[in-house]
Amino acid sequence: MSERNVTPGFPFRINVKMAILVAAAALLGLTAFTSVYIVDATEEAVILTLGKVSRTEGPGLRFKAPFGIEENFNVPTKRNIAVNFGTARGNNMPTLDEKTESMMLTGDKNIIEVLWSIQYTIVDAKKWLFNLDPSAREATIRDIAQTALNQVVGDSGVFEVFADRRKEVQAETLKLMDEIFARYDVGIKVNTVQLGNVAVPRSDVQDAFSDVLRAGQERIQRINEGQELFNKEIPNAKGQALQKIQEAEGYKAERVNRAKGEAARFLAVLGEYRKSPEVTRTRLYFEMVDSVFKDQKNVDLVDKKLEGFLPLKNLGAGVPR
Amino acid sequence: MNKNQLTAIGVGVAAFLVLFVWMGPFYILQAGEQALVTEFGKVVGTEKEPGLKMKVPGIQNVNFFSNRIMTYDAPAAPMNAAKGIKVVVDVSYRWRIQDLKKFYEVNSNGDMAVAMRNLSARINAKVSDVVGENTLDEILRNSNHILDVRKDQQKDQSTSSDPSFLESEVLPINKGRRALSKEMLEKASAPDEAPSLGIELIDVLIKQIRYQSEVEPSVYARMISDRKKEAAVFRSEGEGQKNEIIGKKERELQSIISDGNRQADIIRGQGDAEAAAIYAQAYQQDPEFYAFWKAIQSYKDTLPGLNKTMTTDADYFRYLYSPRGR
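So the protein sequences, as listed, match chains A and B.
What the first sequence shows, in my numbering, is residues 1 to 321, in sequence order.
What the second sequence shows, in my numbering, is residues 1 to 326, in sequence order.
Misleading hints may appear alongside valid ones.
Claimed, not checked - Cβ pair distances, simulated, as ranges: (1) B/PHE16 x A/ASN84: 49 to 57 Å; (2) B/PHE16 x A/LEU61: 27 to 35 Å; (3) B/ILE257 x A/SER203: 47 to 55 Å; (4) B/ILE257 x A/ARG166: 46 to 54 Å; (5) A/GLN217 x B/SER225: 20 to 28 Å; (6) B/GLY325 x A/ARG274: 22 to 30 Å; (7) B/ALA221 x A/ARG166: 20 to 28 Å; (8) B/LYS151 x A/THR121: 13 to 21 Å; (9) B/PRO172 x A/LYS238: 26 to 34 Å; (10) B/ALA221 x A/GLN217: 23 to 31 Å; (11) B/GLY132 x A/PRO201: 20 to 28 Å.
Said to hold, decoys possible - Simulated pairs of lysine to any residue, SDA-like, Cα-Cα distance not exceeding 25 Å: (12) A/LYS52 x B/THR312; (13) A/LYS64 x A/THR77; (14) B/LYS187 x B/ARG210; (15) B/LYS48 x B/PHE65; (16) A/LYS244 x B/GLN254; (17) B/LYS48 x A/ASN74; (18) A/LYS275 x B/ILE278.
If you are wondering where the hints come from, they were derived from the structure by calculation, not from laboratory data.
Backbone N, C-alpha and C fix where the C-beta goes; we use that ideal spot for every residue, glycine too.
Next comes chain A alone, as it looks inside the complex:
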């Protein structure tokens, strides 16, 4: 058995060349790592060179001076960012704070609950980055939104917020928010203010509000009922009045025609009468008596000159058979 050298030692020889190579590779890797960055399609990158704003870059794979000489800040300028109020922000039930922020007081001092949301876009990445502290960004947007809507609601009547002026409330809030953001010069533009559910907090108050709506409906219904009666009866009455007028016209025509007829008949007879008055008079007289008595039976004839004659006629008992 030959002896073996079992002394522990470096498993390989230090190679200066290799060390330099490793160091250079590490340096190169670090350089690459600190000089390459990606800008998302919805973003814009602001580059600081030694702390000073030097340029902005669009989306894509970008390069900057390594080792923190240049730093990039990506800002999602093309994104429409939504912020919700009064609703649960996590997956849980709304917290007390989230419930509280939805409580508002209207100008006529009614307590209402408003769920709402806003959407905004960062329009100026530099102002957004360097005028507003990162710790203040979310809070500021929430604060301004709340301030603006609370002010507009505080200036409105409860029914205006419920329905009548919803659109105006949204528009005024948006305008007010933009006004305040412009004052801070933080590079934000508000796109929409959207009111969601607007309600009264307690069920008994809700009932009272519902009853007002019902009463409003009933009021319209009553008015319609009256209008219906009106619409039904008035044309009917107009018809009746027209009917009466038509009847009167008929009466008039009948009267005049009869008068004309009778007058004509009279004048005709008069003409004949004048030619031979006595004869005509007698003829007319006897014709009359004829026509009156011709078909009549049981006509009693009494001669008043016969004294003591008691007529058989029993007055009042009808004609005896």
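Since the structure of chain A is provided, determine the placement of chain B on it from the hints.
Chain B alone, transformed into the frame defined by chain A:
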């Protein structure tokens, strides 16, 4: 020295230089930040302009602070508005560090929590003052919009679809919410006996005003009674308007019918008059014959239906007893 050794030395020097630059007399002040330089805890300078800056390595220390707008949401505080109305006013304010040296010294070496405690104590007092001096109407509303709307509605009662003129009292305001918010800012940033905090206060915004929870039940009760009144008005208005329409209907009916009767009577009268004229014109020509004629016509019409007992006195019987007549 061989070539390899030379290169190794070169790399070592380069590494040292990088380390020196990293740790040494340079520091970068980024946009949006400001720096405070201390020497063993003593403030020796501040820097606001971004860029590459120098310091004495190992002796001077650099602390960075924000040079941007910051925000503070004060906890909503219960307060009394004028007339003892119990409200909760939630304000938030924007601020920035204006005088970093002072900020650092006054607020326990620039401790944010301490600074906020100091600032909010000062602002809360002013907010309380302003709220206490003004009615809830002044703090809540920003204009007299509601009153204008109500005035319009009263002017135009026919379209009173929204009888909000019934609702709880709304007082006219002079200043309003934004003006009071400005007043809070002015009072809080006024240089008074309190020492400056090195802070510039940008605004004080009234985020929310609500009633304290202990008075909420009575507010709800008022809301209910307001609504009940409103509903009652709607209902009686409905009945009233219905009755008004019915009354109008009755009036119209009578007017239409009486007008119809009037016209009919006129027409009938015309008919009667015309007939009378025709009759008179004809009969005038021989009144005596007319009397005879009319009598005969009348007898023909009226007599046939009657029971008759005749006397021989009648002219008709003139020839009854004698062919020569009586």
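Tell me the numbers of any earlier hints that the structure contravenes, in ascending order.
8, 9, 12
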